[in-house]
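**Student:** Chains as they are written, first to last, in this note's numbering: chain A, 1 to 490; chain B, 1 to 490.
Just to be clear, a hint being listed does not mean it is correct.
One copy or any two copies: either way a pair holds, since identical chains are not told apart in the list.
[Claimed, not checked] Below, a list of computed lysine-lysine pairs in the DSBU-like style, where the Cα atoms sit at most 35 Å apart:
#1 K219 with K56
#2 K318 with K56
#3 K191 with K54
#4 K252 with K17
#5 K303 with K56
#6 K38 with K56
#7 K303 with K122
#8 K140 with K259
#9 K244 with K341
#10 K38 with K318
#11 K147 with K56
#12 K38 with K191
#13 K248 with K259
#14 K38 with K303
#15 K303 with K54
#16 K252 with K219
#17 K165 with K219
#18 K54 with K165
#19 K38 with K54
#20 K252 with K56
#21 K252 with K198
#22 K341 with K191
#23 K122 with K147
#24 K318 with K247
#25 K17 with K165
#26 K147 with K38
#27 K337 with K191
#28 K140 with K303
#29 K56 with K165
If you are wondering where the hints come from, they were derived from the structure by calculation, not from laboratory data.
If you want the building blocks of each chain, they are given just below.
Number of protein chains: 2
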Amino acid sequence: MDVTRDNFGAALSEFRKAVVACDFAAIDMEMTGLYESKEWQPHRQDSKDDRYAKIKRSVESYGVVQVGICLFTWIASSEGQGHEQQCRQTDKSEEEEESSSGYYEARPFNFNVFPCTSVGRKPIETHFGCKNTAFEFLSKNSFDFNKWVYSGIPYLCTEEAMLIKAERIGLYTNRQTMTVADDRVSRAFVKGFECALKEFISSGERIMRYDTANTYQRKIIHDLVSKHDALGTKGQNGCIEVFKSTKKAMAKHTAQRLKLLEASIEESRGFCTIIDLLSEARKPVVGHNMPLDVLHAYSKFYKSLPDTRVDFEQAVSKFLPVLIDTKYIIESTPGIKARYKTSNLDEIAPMLEKEASSGSAQPMIRNHPRFLRHVSNTMHEAGFDAYMTGATFIRLLNLDGGLDLSTAAGTSCEHGSELVLYRYINKLYLALGDELYWQVGGGSDLKNTSTSTASPAVNAVQNSDDDDMAISENDELNSSSLLDTVALQS
Amino acid sequence: MDVTRDNFGAALSEFRKAVVACDFAAIDMEMTGLYESKEWQPHRQDSKDDRYAKIKRSVESYGVVQVGICLFTWIASSEGQGHEQQCRQTDKSEEEEESSSGYYEARPFNFNVFPCTSVGRKPIETHFGCKNTAFEFLSKNSFDFNKWVYSGIPYLCTEEAMLIKAERIGLYTNRQTMTVADDRVSRAFVKGFECALKEFISSGERIMRYDTANTYQRKIIHDLVSKHDALGTKGQNGCIEVFKSTKKAMAKHTAQRLKLLEASIEESRGFCTIIDLLSEARKPVVGHNMPLDVLHAYSKFYKSLPDTRVDFEQAVSKFLPVLIDTKYIIESTPGIKARYKTSNLDEIAPMLEKEASSGSAQPMIRNHPRFLRHVSNTMHEAGFDAYMTGATFIRLLNLDGGLDLSTAAGTSCEHGSELVLYRYINKLYLALGDELYWQVGGGSDLKNTSTSTASPAVNAVQNSDDDDMAISENDELNSSSLLDTVALQS
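Working from the sequences, and respecting the hints, build out all of it.
**Tutor:** The structure is reproduced here in structure tokens:
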């Protein structure tokens, strides 16, 4: 489903229901650039702190143009009967592939996003960097820049929304900072206006029109008048209208403005609402080479990134409790690396797909009838890449014989469902000297607790409401079907 | 004429001829943003140095997406006869308006530009900032972002081209810096390859294929082999082919690569060739509120901006010798300000155009038959704004009674052609406290030399080939028709 501001309302309702029901989400993003200069480019010799600083710098320098979120839901055979009929028409090889247990239903959303430009009528300015080569890369993959700017879904994270709200309330209730008239012409203007205002207040007139030459003078008048409880202003062409009112009427007017402000902010939050829903759903989120994606999602749609790596590792669990990086799965599993000779998504995903369609025992993946696999028919469209990432994850866990964990992890272990997932939770791929991953969130703390029979994903969840590590029941993850699939082969 | 990379060759030929023949050029640009944050926004209380630093910062932070250059040529009545026949069909009110002396022929070029992404096959990375609100402004004026990225004319200024050339020559002739293998895996890789290379050299084999896992390893091999005069490398899928050759063959190969490099660089310079031609033509260049435009043109298409304002003021004359800012003309002439009550181009230009079409004595402006006035039918398309700026300049100099110089300049003076232009040469509009302009180039030094009967524009020209202030004959400006027009009314 390709989503712009035009169909965002409908997509939001669809997403709201589907994210609660799904087993996991896969994500991908397209950005306006990666690294500003050589100095900020990742290097194998980086320390983990250096690397965090570099990724943070990239995220704070560049914009996100598209976010793909693909929701995968396990449909057990009995549930999916009616639905299967519908799907069968569009996918020829389904019948052969179908395993007796069920299939994964995929809902890929391709969200086109553009930073919110106004709240109410006031502009909200956002600066973001671009790389010419990143734009060229997007153009080679048929990216529609006009759709991005003209129809992108706005977004405004809670943190920014709060700041804007506080500033506007200050403005409505006369608590804002005064414009400083610090040159000769402006000082003369202030003097002239104050004199006219005094005369107007003591006169019988209800309205005074005062000529202004520019925005700066208009701002001065708004500021000066806002100090009076029972006076209001209204901008006109080339002048400001100052009118007399009552305290009560002005208070009512302010209350109305606050109500309108709330509504405008809600509208401007746009895509952040989707990320709020994803975060609240506490589902595992799968990505491919995901550090940049995770930090972009955190910084653009949730809140400012913590200054230090350690603080981020703690904070990310409140945002998304379970992250799984398919690039790390591939790179850390010699059996897979040897078989496919690549960990690039655009190379390995089609190979795995081809194997799946040639009658292997892998579980079937079908698109929900209202969801196309992709819009532009190419990789590097975020919605399609999210779909391919999720599909790759499912297929990697189901390779003939399963993942060779004994080699990958250095220590031999039982190939049970808990352990399969446990090995990969919250380990983000980072080629750092001889280290392959970056452990974030609750993963490392859970190292010795995975003998529990509960879903390992549940163990990884941290309470999102307070700072301690207690596990909340509300945070429970629904990933049982995925684990069942893995267990089948072990 | 709307110009993209597809029709750039034809537009370049057209421009090359027309810029030599024209009387003056008008310019305008569309950018990806203006000021990054409040701290960098211009303020009336800025010192001139502060203001230069702020404009420089803006120019170095943001990109240019469109450059409008409109060339205006005075066609005296006798010259224009044949041409008039052609034009008459497209402009109804021409016959009434036509003055007995001739008309201005306008050639607006609307250049869509995008920073060059490669020289040869190697990527050239350029970082530029964007403001969401600037993109929204462009979209409100029908800007086509896809045309910009997919078909924008590349550009690469001489300074950058020289750096790239030096780097590549170093690479072809073994003078580049070696890739440093600074981790355990890479050091082992280097050792292994050096051993294999030694064996290969002493063997009877002509070709050796060596497996590589990533770009980094491939770069290491290229570097190591380039130290040998009679060995070459060729990238293959997943490996590098090392081949034996002769010193002579390798030298020939290098010479061919250098020739190809020259051609690639010339192609990548693209739009900078247009700016070179404009600079070489030594014509007056008119803009509206032009500091940002001039600094963008200098920095993006000519060379890096000097660090200090004083250095820029000197350097700009070598780039464009005569700059005229219509916003300064309006703001510094009380008669004009009082009559039109605005100095915004999108407000005053249509008023002046309406007056011109209602039978005033202003000189006629016609578009050359191959040139549309505009592509998108709106203001804020760079080509159209350049046209409107030039037309406004012509009309301002021809208002009933001409410019009220005695009031504007503070001292009474004869309303002769030299003085009219002299008053405005190289004064860029800047609202700085009580000062209206920024004197750049040769203007201030020429203050006491304007009694000469030669064209004042000639006096303003500084020699572009050396640092002293001598006037070169090659730099002569052809602006006589413009001056004639002015003189008619004095």
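**Student:** At most 35 Å between alpha carbons: which applies to K38 and K191, within, between, both or neither?
**Tutor:** Between copies only: 26 Å across, 55 Å inside.
**Student:** Indicate which option fits the pair K303, K54 if close means a Cα-Cα distance not exceeding 35 Å: within, between, both or neither.
**Tutor:** Result: close both inside a copy and across copies, 18 Å intra and 30 Å inter.
**Student:** How would you classify K318 and K56 at a CA-CA limit of 35 Å: within, between, both, or neither?
**Tutor:** So K318 and K56 pass the 35 Å test inside one copy only (18 Å; across, 42 Å).
**Student:** Is it within a copy, between copies, both, or neither that the alpha carbon of K219 lies no farther than 35 Å from that of K56?
**Tutor:** between (37 Å within a copy, 28 Å between copies)
**Student:** At 35 Å max between alpha carbons, let me know whether K191 reaches K54 within a copy, between copies, both or neither.
**Tutor:** Answer is between; shortest inter-copy Cα gap is 31 Å, intra-copy 52 Å.
**Student:** 35 Å Cα cut-off: does K244 pair with K341 within a copy, between copies, both or neither?
**Tutor:** between (77 Å within a copy, 29 Å between copies)
**Student:** Could you figure out if K54 and K165 sit no more than 35 Å apart (CA to CA) within one copy, between two copies, both or neither?
**Tutor:** both (32 Å within a copy, 30 Å between copies)
**Student:** At 35 Å max between alpha carbons, let me know whether K252 reaches K17 within a copy, between copies, both or neither.
**Tutor:** neither (38 Å within a copy, 67 Å between copies)
**Student:** State whether the alpha carbon distance between K303 and K122 is at most 35 Å within one copy, between copies, both, or neither.
**Tutor:** within (22 Å within a copy, 37 Å between copies)
**Student:** Within a copy, between copies, both or neither: where do K38 and K318 come within 35 Å Cα-Cα?
**Tutor:** both (33 Å within a copy, 33 Å between copies)
**Student:** Which holds for K248 with K259 at a C-alpha limit of 35 Å: within a copy, between copies, both or neither?
**Tutor:** Classified as within; 17 Å inside a copy, 81 Å across copies.
**Student:** When no copy is named, should K341 and K191 be tagged within, between, both, or neither for a Cα gap of at most 35 Å?
**Tutor:** between (77 Å within a copy, 23 Å between copies)
Figure legend: structure checked against the earlier numbered hints; hints not met, in rising order: 4, 20, 24.
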